[in-house]
Every structure is written in structure tokens, then in C-alpha cells.
Amino acid sequence: HKEQAAMARRRLLAVLMLLVVVVAASTFHQAAAAGRGLAAVEKFADLEPKPKPKPEPMPKQMPKPEPKPMPKPEPKPEPKPKPMPKPEPKPEPKHKPMPKPEPKPEPMPKPEPKPKPDPKPEPPPKHKPFVRDSLFYLCI
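Under mature numbering (1 follows the signal peptide of the UniProt record, and there is no 0), residues -25 to -1, 1 to 115 are what the sequence shown spells out, in order.
Calculated directly from the structure, the hints in this document are not laboratory data.
In this text the structure is predicted, and so the values were computed from the model without any measurement.
For glycine and all other residues, C-beta sits at the position ideal for the given N, C-alpha and C.
Using C-beta positions, here's what the derived DEER-type ranges look like:
#	residue 1	residue 2	range
1	Ala8	Ala(-21)	40 to 46 Å
2	Thr2	Gln(-22)	31 to 37 Å
3	Met73	Met(-19)	57 to 63 Å
4	His(-25)	Phe3	36 to 42 Å
5	Glu77	Leu(-14)	57 to 63 Å
6	Lys(-24)	Lys75	48 to 54 Å
7	Lys89	Val(-11)	57 to 63 Å
8	Glu(-23)	Phe3	35 to 41 Å
9	Met(-19)	Glu77	55 to 61 Å
10	His(-25)	Glu77	43 to 49 Å
11	Arg(-16)	Lys85	48 to 54 Å
Build out the structure end to end from the sequences listed, making use of the hints.
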């Protein structure tokens, strides 16, 4: 599980780094394009002189009248709730003595271990035919 988590972490890190690079490249490209755009506008501005419009005086904004404070509503006296009649205490039932638990039965004796049979000698391995993929497994 640790290996999978490490691989997932590396993949996530790689994707995030790629995203950062793409965003940085896009931002740089936009900044460069904006710079070129301004230079082109300045060139054309010299060719066609435009009459400058007279700046109109900004109309002064009327000061907003301060809102009148809302009159505070008079607190109404809340009617006191009628006290609920207390329930009569119920007589607690007397606890019956708990029956004593039965004694646990004695554990069963463990069976004696059986003697292990003698290990049989393994037959010699048979020669396998050469397979192209076997080289792949040898390299791992």
C-alpha cells in the first residue's frame, strides 16, 4: 500500500507541476501579447491625430441623507407560561438480586501434536522449453 501511495503522490505532484508550467506560460504569453498590442496602438496614434474630447466635469454627487434610526419597538411583556403540574414520583421497583452466573466449564485439554511425516525428496526439475518472454522475467 505504501508503494501505491508513493506512486499516487508522485503522479499528483507531476500533474500539479505541469499545471503550474502551463499557467505560467499562458500568463507570460498574454503579457507579451499585451505589450505588443500597446506598441501597435502607439504607432497608429501618431499616424492619425484624433481631436481630444474635452473632459467633462464630473457631476458632484449629492451627499446621501443619513437614514433615520428606526424606532425601537417597545418590548412586550411575555406571558409567563403556567407551571406544569409535577408528575407524581413513581415508586422505584426494588431490584431483584441478580442470579449468580454459572461456573465456567473447565477448558478442554489440548490434543497431543501428531508426529510430522518425513519430508519426501523433491523430484529434479524438468527442463522447460526456451520461451521468448523468459528473458523479460530474468531481467526483472
